[in-house]
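Based on the provided sequences and hints, a complete structural model is requested.
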Amino acid sequence: MLDFNFHLEDGELLGLIGPNGAGKTTVFNLITGVYKPDEGNIIFSGRDITGLAPYTICQQGIARTFQNIRLFKDISVLDNVRIALHKDAPYGLLKTLLRTPGFFQGEIEINKKAREYLQIFNLEDKAGEIASSLPYGEQRRLEIARALATKPTLLILDEPAAGMNPNETRELMDLIRWIRKDFGLSILLIEHDMSLVMGVCERIYVLDYGQVIAEGLPEEIRRNKRVIEAYLGEEVG
Amino acid sequence: MLEVKGIDVYYGAIHALKGLSLEVEEGSIVTLIGANGAGKTTTLKSISGLLRLRNGAIMFKGSDISKVAPEKIVGLGISQVPEGRRVFSTMTVLENLEMGAYLRKDKKGIESDLENVFTRFPRLKERRKQTAGTLSGGEQQMLAIGRALMARPELMLMDEPSMGLAPLLVKEIFEIIKDINARGTTILLVEQNANMALSIANRAYVIETGEIVLEGTAEQLINSEEVKKAYLGG
Amino acid sequence: MLEFLQQLINGLSLGAIYALIALGYTMVYGIIMLINFAHGDIMMVGAYVGFFSIAVLGSNIFAALIFAMLSCAVLGVLIEKIAYKPLRNSSRIAALITAIGVSLFLEYFTLFLLTPQQRVFPEAAFPLHKYQIGGLLISNKDIFIFALAVILMIALQYIIKRTRTGKAMRAVSLDREAAILMGISVDRTISITFAIGSSLAAAAGVMIGIYYNTINPLMGIIPGLKAFVAAVLGGIGIIPGAMVGGFLMGILETMVSGYGSTLYRDAVAFGVLILILLVKPTGLFGKDTGEKV
Amino acid sequence: MEKKRFVPRSFLIEVLVLAGIFTLVQYLIVSGLLNEYYQINLSSMCINIILAVSLNLINGFTGQLSLGHAGFMAVGAYAAVVVTTIYSQPFILGLLAACLAAGLAGLIIGVPTLRLKGDYLAIATLGFGEIIRVILQNIDFIGGPAGILGIPRYSTWPWLFGLTIFTIVIIVNLINSSYGRAIISVREDEVASELMGINTTNYKVLAFVIGALFAGLAGALYAHYFYIIKPSTFNFLKSFDILVMVVLGGLGSTTGAVIAAIFVTMLTAALQTFPAIRMVLYAVTLVVVMVYRPQGLMGNKEWGRRTWGRIWGEKNEPLANK
Chain A
1 MLDFNFHLED GELLGLIGPN GAGKTTVFNL ITGVYKPDEG NIIFSGRDIT GLAPYTICQQ
61 GIARTFQNIR LFKDISVLDN VRIALHKDAP YGLLKTLLRT PGFFQGEIEI NKKAREYLQI
121 FNLEDKAGEI ASSLPYGEQR RLEIARALAT KPTLLILDEP AAGMNPNETR ELMDLIRWIR
181 KDFGLSILLI EHDMSLVMGV CERIYVLDYG QVIAEGLPEE IRRNKRVIEA YLGEEVG
Chain H
238 MLEVKGIDVY YGAIHALKGL SLEVEEGSIV TLIGANGAGK TTTLKSISGL LRLRNGAIMF
298 KGSDISKVAP EKIVGLGISQ VPEGRRVFST MTVLENLEMG AYLRKDKKGI ESDLENVFTR
358 FPRLKERRKQ TAGTLSGGEQ QMLAIGRALM ARPELMLMDE PSMGLAPLLV KEIFEIIKDI
418 NARGTTILLV EQNANMALSI ANRAYVIETG EIVLEGTAEQ LINSEEVKKA YLGG
Chain R
472 MLEFLQQLIN GLSLGAIYAL IALGYTMVYG IIMLINFAHG DIMMVGAYVG FFSIAVLGSN
532 IFAALIFAML SCAVLGVLIE KIAYKPLRNS SRIAALITAI GVSLFLEYFT LFLLTPQQRV
592 FPEAAFPLHK YQIGGLLISN KDIFIFALAV ILMIALQYII KRTRTGKAMR AVSLDREAAI
652 LMGISVDRTI SITFAIGSSL AAAAGVMIGI YYNTINPLMG IIPGLKAFVA AVLGGIGIIP
712 GAMVGGFLMG ILETMVSGYG STLYRDAVAF GVLILILLVK PTGLFGKDTG EKV
Chain F
765 MEKKRFVPRS FLIEVLVLAG IFTLVQYLIV SGLLNEYYQI NLSSMCINII LAVSLNLING
825 FTGQLSLGHA GFMAVGAYAA VVVTTIYSQP FILGLLAACL AAGLAGLIIG VPTLRLKGDY
885 LAIATLGFGE IIRVILQNID FIGGPAGILG IPRYSTWPWL FGLTIFTIVI IVNLINSSYG
945 RAIISVREDE VASELMGINT TNYKVLAFVI GALFAGLAGA LYAHYFYIIK PSTFNFLKSF
1005 DILVMVVLGG LGSTTGAVIA AIFVTMLTAA LQTFPAIRMV LYAVTLVVVM VYRPQGLMGN
1065 KEWGRRTWGR IWGEKNEPLA NK
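Residue numbers (the numbering used here), protein chains in the order written: chain A, 1 to 237; chain H, 238 to 471; chain R, 472 to 764; chain F, 765 to 1086.
Careful, some of the hints might be misleading.
Pairs of lysine-lysine, DSSO-like flavour, derived with a Cα cap of 27 Å [stated by the list, open to error]: (1) A:LYS87 / F:LYS994; (2) H:LYS242 / H:LYS255; (3) H:LYS255 / A:LYS73.
Derived by calculation from the structure, the hints in this document are not laboratory data.
The following block contains the structure:
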């Protein structure tokens, strides 16, 4: 990563594109605290979140998915979502160990919420299944459901359409638009599938070799010479 | 030369390749293009024997190689430049190249091939005592290609050689690929940089979620609306 | 100062033994990421083979050494094939438990077979001489052990750096998949690694027989653990690290028992371990590798 | 499905079964039908269950490989004995002291070492376990290497049984809760867990401290059953022993840990009749089980309330670790 500046407005749906190895995932890792930047700052909702631990950043309202799906593989679909709800656990450790009525009340509440998220993503029938046994497309959806369950104000999607067929991609596009509207959040998206990026993003940054080489509306990006060169190779047919 | 016949490959529960077929003619450059996660690397790994087939066959020069142990494949004349270069980082450049010729016994032939690689990549010659991990990305890619050449392959599988390289270097790498092919090595090239790949290939396949959705000559594909759509989102 | 030098000399031969054992730990870890807890016990078997070939067959010390090394090479390969290979794709902890099982098996099978009785290495096999050099006391045992260990380490360095097999070993431990693409047989390379590591342990076993004079079926545990600490100290998986770590451990141990309390001798080893793990877990020679996300 | 009875029928059945077992054994002991040999094995069984279930919390559920459990057992044993034998206080105070001391030791050791991962953590905990032993060996106040003799036998069947059940209940309650799920998420994928807002360090330390605390409890029970403790009892081989139970049972299965603890105790007792070859057979069993069933007897499955529920036709929410 050489030099990098970008900003995201409230409620915006922003795309980040660039060839493989251009440093896109690194950007995500910097934002979510997995890596620490050597220089520079990351400001989120007016607060400097540079160098904070990933879990604190999540608690501030940033959630993400991963390029290579990272579900909690060996446990149930429902548990995957319930884990994301843990940061607002409605009962304390003492109530847990003593199994007070408050604990059961809290569990009911958690289960209800978790099932709501599953329902949105059409996964409620799979609640009891082991996450890794789901087909690929459903694993992708579960990962988004899990991220949303942390109640983010910014959702970061790392190649959500990777490994999906055009039909699934189209469904995903609708889903992303719908989530943004219904949950009222901002979305930052890395994607290779240009139809998805061009289809849903309002503004796009193009990254190559660790630098932003272009920024603008999808239409502008599509016609930008430097983008075509970097992304498609030189001789555009 | 190479014929992939309806192969099914699984990663655990995930059906990664669904009855995929493709063909590579002797002396040609064939490219396989498609998005991340579509199954390009999986295809190459299946040919190299690193992944086992559930169904189908892989024919190389007329015989089925899908049951051959992975370490024997290179001996048959297929070598691979893996994705992300995968050079042996704490071994020197020279040692890396020697590993490429691991199965060969002809000392003289190895010597001359080493000279050839060094003529082709003078920068590797300069750095032959350096450990591979200290090389730049472009140099590592050259080393990975050189290493694969040391096996004196008839068919070379290349997995995203342009990944993470600056545009100028990408051009250089593609020139090299063309040159290797011109000297008689057949090439199966997996790329995300579609136009670049199509510009040097004879034939091309487009892969989507483990299936070939489009095939034809490179020219046909360059002018195809569908390819443009997939890569330009138009 | 003289006292210090004397302790240093005493520590060198012990350190050389630790280094030889540590090499086996580190080589096996480097190639299959397994802490081979049975390694110390292979050393013990080596000591017994050496003992019997001297005491029963009447061979000289060199023949005994070679015999021990060959037997343990075979033993090491067998252990890998029977116990570790089936678990190559299982969890690391399953492999670790298996290694513990193999270790217990070697200890208690030897105990069953040969009784817990201490065996004394025949004095005649290695007559002790002591030399007085400038106020320092040096024995021919110390010189023999040190010199032999250094020769073995140079031989190992040669194999790993210069031979085709050695390069294959390095390649497999760096990137198994890429190594397969070069045509390297992973199974064969792992077997060779076990053979070499185990024969070095056997040599160390014979040396311990000479050093302490007595051997018993549980003798492998403590030196095994210390050599293991040495391997971690140098950076597990890193061959020069194991050598340096071994010598450091040997010297440190003789210093502590020379100057301080023997009761704390074993704790020092673990203190060093904890310290290195907390300060630089990858060891003196290790590099940090972050996780890819 | 959302409705959950506060006292499900399966719970009542469990209570009845446990009460039955307790009463039966108590009757057999009081009536003298159960001889000393069986009583010793029964006691070892309880102690081993506590050790295995508590280590399973660390190794199985949190996924943090610890090889120092015997060290915490030692801390607990010594702390309790100091209170009951040296200061002649009641047993209950000894038990509390054991839990407190072992939990504290867990905290002191856990905070710095749990930054380490995988093998490095295993090695560090092994080292700490041994350091604890060597330190105990060098304190004259508690008998040095010879240890302490003549500890009163306070660990009666009601104590052993009650505390074993208590341990299982507390750990099962923890695991089947939001906190337990957070702990399991650390095992599944630490990075993803952290990015879901979970302070993974805290949960690792929490599991480690609770695990250590119960190991201390087991140590106290052990000391007050076998009259004598010495540092060498708590060496790394003892830690391995506990680990073997956990892995045999299946990492991440409390049921498995309990079954394996019972099995290993019985195996050890049965092999006592072949003293010469006992450890060889033990080692062979270990290797064979690992080679043919590396995931352990139970995998990470539980045989518990859900199974009961299914038998009796009840529906419950899936537990955390189905």
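Structure-based check of all given hints:
Between the alpha carbons of A:LYS87 and F:LYS994 the distance comes to roughly 44 Å, so the proposed pair goes past 27 Å and is violated. Among the hinted pairs, H:LYS242 with H:LYS255 is consistent with the structure: their alpha-carbon atoms are about 11 Å apart, no more than 27 Å. Between H:LYS255 and A:LYS73 the CA atoms are separated by roughly 24 Å; this keeps the pair inside 27 Å, and the hint holds.
Of the numbered hints given earlier, the model fails hint 1 alone.
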